[in-house]
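Chemist: Below are the chains, spelled out letter by letter.
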Amino acid sequence: MESGIFRRNLVIGAVLALIFLLAAIVSFFWTPYDVTQLDIANKLKKPGSQYWFGTDHFGRDIFSMIMVGARTSIAVAIVAVGIGLTVGVPLGLAAAAWRHSLLDELIMRSNDLVFAFPALLIAIMITAVFGPGAVNAIIAIGIFNIPVFARLTRGAALSLWTRDFILAARTAGKNAFRISVEHILPNIVNLLIVQGTIQFSLGILAEAGLSYVGLGAQPPIPSWGRMLAESQTMISFAPHLALFPGFAIVLTVLGLNLFGDGLRDYFDPRLRQQSR
Amino acid sequence: MLRFVLKRLLSLVATLAVASVVIFIAIEVVPGDPASYMLGLNAEPDTVQALRDELGLNASKITRYFQWVGGMVHGDFGTSYTYRTPVSAMIADRIGISLPLALYALLLSTVIAFPAGIIAATRRGSVADVSIMGATQLGVAIPNFWFAMLLVLFFSIQLRWFSAGGFPGWDEGFFAGVKALTLPAVALALPQASILARVMRSSLLDTLGEDFIRTARAKGLTTRQTLWRHALRNALIPVLTIIGLQFSFLLAGAIIIENVFFLPGLGRLIFQAISQRDLIVVESVVMLLVFAVVLVTFLVDVAYAVADPRLRAQR
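Protein chains in written order, with the working numbering: chain F, 1 to 276; chain P, 1 to 315.
Rather than coming from a laboratory, the hints here were simulated on the basis of the structure.
Positions of the beta carbon are idealized from the N, C-alpha and C atoms, including for glycine.
Some hints could be false.
As the list claims (entries may be wrong) - Partner residues are not named here, just some residues of chain P that face chain F (Cβ under 10 angstroms, in silico): (1) L9; (2) V13; (3) L138; (4) F145; (5) V152; (6) L159; (7) F162; (8) S163; (9) G166; (10) L208; (11) G220; (12) L221; (13) T223; (14) G253.
Claimed, not checked - Label pairs and their calculated CB-CB ranges: (15) P:D93 / F:V11: 29 to 39 angstroms; (16) F:R170 / P:L6: 20 to 30 angstroms; (17) F:R8 / P:Y304: 20 to 30 angstroms; (18) F:L102 / P:D93: 40 to 50 angstroms; (19) F:F58 / P:W161: 31 to 41 angstroms; (20) P:V5 / F:S159: 37 to 47 angstroms; (21) F:L158 / P:P86: 43 to 53 angstroms.
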């Protein structure tokens, strides 16, 4: 029965995440209304058949803005996970391959250092120096992801290094680099995919938070966090402005989390025993 | 034990030293001269030069770094470029809001998470367990600032139980201060409570499966006695670690929540400072928050080692 619940998680999660991914892709070709077009005559319309999610104080269609905002959220989160993977995984592999060496110590202590800066602080510093923007948000969230993947990779790789098939590879004359790439990496890919999904959903939340305080994507690029920030002063008479972008964030993050849980279970049924 | 604490203390100092260098270099990269910025476009070069002297901006970067760090050790964070007042006084003012807010949120998240996690673990698979786990799944997906806006919409605008923002100051009385921080603390606590409840549940489930629990049951203890006397104590160790780590997230998270409720805390201070390019304030507040994070991590490590002697031997 429990495996049923987990398969359901995987499916529900995948469907939710795909809806927003599709919305983002479709928004490149089509949105119900043009999000750059101001239409003051139709401002603050309540949700209805003409404007499904209503309009904002400039008369822009909220539904269309959420579609375009999905692009920003997903793009920022994907690139930030990409930065974490491409920098963090090699560092983790190297730290495990030359464990207890100076290199290992250096990598792990640098990780501790980055962990001392919450993503928001990194973003604040980057913004103080270079100004706010989507690219700086990506860099901030990406930097935060590096130690997450480095630690995960090192931990998983360390336990693999003691296994017989690695010993066999060493006996065959392969060096640490080749063993890391040819034997360790393929064995931790599943783990990285699951963690990647989790970091992806955290990235969406972080991007929304940064945009909300004005450190993320700048106008005219629509973003869910900024839609929420703009709605704040109008929440008493136009709550729909705050509700729909919020639901978009919650459903995307929920979908990704469920999908991640389901994937973990799919890859390693033993984990289900532990987590339940 | 002493050796372990000293080793961790050394690593704490090293992390702080490197962090201070990183922060200093990052902020020093910023183009533009704070003195010209403070005096405006029409300032005479002599005046700018005099102000640069006064702020100590003419000294070499290395001298300035050591002045900054040396000052901070003595509680002197320099002078704000914008307000010309000591940064330490500005921080002291604001921390009186941010710190109680983070602690309040920590308290709430613990009070919510403990019973939720215990119920879910002891009634594994029941409707209560499934509902609590569903709620926590939702709790981690909701951005806290959006949840804060919903709280304002419901409790401030509809019910009028709380004010929608602002802070009356602690002079108005303890209760008034706590009331003003209640909605922000609830908003901050929600995602943390969800995470904590999940950790509590899984840690308790692990412990309940251990041999010593079976022994306790075998010697005739009731389920309740076993839970309170044996299982909970052992399950708490990983939970306490998470609580410690959450404190730093709460302190940083407070920066965003303060914006929702217009609370004059460290978060508002840092965003104002960014927009006014008051970089010495940005530098000092970031350093202070990093210090808080590193210190809490250190304390958690030590507490962990006290609770579980095996860990001391491993490191």
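Chemist: Hint by hint, note whether the structure agrees.
Modeler: Consistency of the hints with the structure:
1. Against a cut-off of 10 angstroms between C-beta atoms, the interface hint on L9 of chain P is violated, since the closest Cβ of chain F lies about 14 angstroms away.
2. For the restraint placing V13 of chain P at the interface with chain F, the shortest Cβ-Cβ distance is roughly 13 angstroms, beyond the 10 angstroms limit, so the hint is violated.
3. This hint holds: L138 of chain P has a C-beta 7 angstroms from the nearest C-beta of chain F, less than the 10 angstroms allowed.
4. A cut of 10 angstroms between beta carbons decides the hint on F145 of chain P: the least distance to chain F is about 5 angstroms, and the hint holds.
5. Using the Cβ-Cβ criterion of 10 angstroms, the hint placing V152 of chain P at the interface with chain F is satisfied: the shortest such distance is roughly 7 angstroms.
6. Hint status for L159 of chain P relative to chain F: violated, with the closest Cβ pair at about 13 angstroms, above 10 angstroms.
7. Interface hint status for F162 of chain P: violated, as the beta-carbon distance to the closest one in chain F is roughly 14 angstroms, over 10 angstroms.
8. Here the hint on S163 of chain P is broken, as its CB sits about 13 angstroms from the closest CB of chain F, past 10 angstroms.
9. The interface hint given for G166 of chain P is broken, as the beta carbon of that residue sits about 14 angstroms from the closest beta carbon of chain F, more than 10 angstroms.
10. Interface hint at L208 of chain P: violated, since its Cβ lies 12 angstroms from the closest Cβ of chain F, which is beyond the 10 angstroms cut-off.
11. The restraint placing G220 of chain P at the interface with chain F is violated, with a minimum CB-CB distance near 29 angstroms, outside the 10 angstroms limit.
12. For L221 of chain P, the interface hint is violated, the least distance from its beta-carbon to any beta-carbon of chain F being 25 angstroms, above 10 angstroms.
13. A distance limit of 10 angstroms between C-beta atoms decides the matter here; for T223 of chain P the minimum to chain F is near 20 angstroms, and the interface restraint is violated.
14. Given hint, G253 of chain P at the interface with chain F, holds; its Cβ is 8 angstroms from that chain's nearest Cβ, closer than 10 angstroms.
15. At roughly 52 angstroms, the beta carbons of D93 of chain P and V11 of chain F sit outside the given window of 29 to 39 angstroms.
16. Judged by the Cβ atoms, the range 20 to 30 angstroms given for R170 of chain F and L6 of chain P is violated: they are separated by roughly 38 angstroms.
17. About 37 angstroms separates the C-beta atoms of R8 of chain F and Y304 of chain P, a value inconsistent with the hinted range of 20 to 30 angstroms.
18. A beta carbon spacing of about 45 angstroms between L102 of chain F and D93 of chain P agrees with the range 40 to 50 angstroms that was offered as a hint.
19. One distance hint, 31 to 41 angstroms for the beta-carbon pair F58 of chain F and W161 of chain P, holds here, with the actual separation near 33 angstroms.
20. Range check, V5 of chain P to S159 of chain F: about 29 angstroms between beta-carbon atoms, so the 37 to 47 angstroms window is missed.
21. In this structure, L158 of chain F and P86 of chain P meet the distance hint of 43 to 53 angstroms, their C-beta atoms being roughly 49 angstroms apart.
Hint compliance for this structure: hints 1, 2, 6, 7, 8, 9, 10, 11, 12, 13, 15, 16, 17 and 20 are not met, and every other hint is.
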